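**Q** Take the sequence shown: its letters are residues 752 to 1046, numbered as in our numbering.
Watch out, some of these pointers could steer you wrong.
[Claimed, not checked] Just the calculated beta-carbon pair ranges, DEER-fashion:
| # | residue 1 | residue 2 | range |
| --- | --- | --- | --- |
| 1 | 854 | 1023 | 32 to 40 angstroms |
| 2 | 905 | 816 | 46 to 54 angstroms |
| 3 | 1015 | 891 | 49 to 57 angstroms |
| 4 | 842 | 886 | 48 to 56 angstroms |
| 5 | 888 | 777 | 24 to 32 angstroms |
| 6 | 951 | 816 | 47 to 55 angstroms |
| 7 | 805 | 916 | 37 to 45 angstroms |
| 8 | 1040 | 812 | 24 to 32 angstroms |
| 9 | 852 | 896 | 24 to 32 angstroms |
| 10 | 777 | 1030 | 21 to 29 angstroms |
| 11 | 1031 | 969 | 47 to 55 angstroms |
| 12 | 812 | 883 | 37 to 45 angstroms |
Source of the hints: derived by calculation from the structure; they are not laboratory data. Keep in mind that this is a model prediction, so the values were computed, not measured. Each residue gets a CB set at the ideal place from its N, CA and C atoms; glycine is no exception.
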Amino acid sequence: MTALGFFAAGTISHSSVSAKSRVRVTSNSALKTAGSSRNVTFTGSNALYNKAATLKGARKVASTSTLRSIANSGRSSQNVRAYRVAKTNRGLVYYKVVTFDGQHRGWIYGGRSKTSFRGGLKAYSTFKQGTVSSDMQNGTYKLANPGTGTATYVKPAWTQYKVGKKAADTSAYADSVYKIDEAGTRTKEGDQWVHIYAYEGNAGANGWILASQLKAADSSSSSNNGNNSQPTTDKIADNALRINFVDAATGAPVKSMDYIKNGGTKGSTLGTLTNGVWQLGTNDQTALQTQMNAR
């Protein structure tokens, strides 16, 4: 009887230890701080799971390689927002995140504190606020090509989660004259965005827009070989490079665009000359391509 009693006690003790060691979630709540403070990027050290990785049944939904690609992407649509936080009985913290385009969503290890991002995440600024130059402040502007291809936004496109367009079709604002009161660059693309407000005319499109989608309000345009779009003849900002497009067959001017280099100064060069070949940095290449595509 004594031996049986000893065996039974040992069995109860073993079950108790197993129950205590089982991983479980002790808290799971929505993050309530300002959205911009919850913009994050992946460090590539941890994968994304359908639930906290240490829980039974956890399944990987995105590898560390995939997350590194997202972090290094040149598209703001792949910015990331954290929106829930959970903690396990072992003190591990997990965040639920989603890419702005909604293509990737899941839980990722975030360290041991619910007040800072660690582990597989780090805080990230999707937009870098810049300064408005005196040329911008003193200038007046119109939309270069009003219509569905020239939208204005509540915030620069894809820099805040689910914050979209102010005016999707700007056809009705073709005659409005605008001034600029804010400027900055999207972190991933490196392109310049400005905030405009109506100085004259309809204010319905007030918002953020690509700087390249504006033209000086006093710039003139006239017909030339059937083309109504002329290279801009207004003053070039000290931190801008003007690119004039011409018809390859006739040499006739087609249109112009000013590429604004944040932090650039008058007389400085854009890119580097290596072995007789002029090369642009990756951010400048991406930003220029984005502006050209927008035109």
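**Q** Taking the hints in turn, state whether each one holds.
**A** Results of checking the hints against the structure:
1. 854 with 1023: 32 to 40 angstroms: 35 angstroms, holds
2. 905 with 816: 46 to 54 angstroms: 34 angstroms, violated
3. 1015 with 891: 49 to 57 angstroms: For residue 891 against residue 1015, whose Cβ atoms are near 23 angstroms apart, the range 49 to 57 angstroms is violated.
4. 842 with 886: 48 to 56 angstroms: Taking Cβ atoms as reference, residue 842 and residue 886 lie about 55 angstroms apart, which means the hint holds.
5. 888 with 777: 24 to 32 angstroms: Given about 54 angstroms between the Cβ atoms, the range is violated.
6. 951 with 816: 47 to 55 angstroms: 52 angstroms, holds
7. 805 with 916: 37 to 45 angstroms: 41 angstroms, holds
8. 1040 with 812: 24 to 32 angstroms: 31 angstroms, holds
9. 852 with 896: 24 to 32 angstroms: This hint holds: roughly 26 angstroms between Cβ atoms.
10. 777 with 1030: 21 to 29 angstroms: 54 angstroms, violated
11. 1031 with 969: 47 to 55 angstroms: 31 angstroms, violated
12. 812 with 883: 37 to 45 angstroms: Holds, at about 42 angstroms.
This entry does not satisfy hints 2, 3, 5, 10, 11, going by the numbered hints stated previously.
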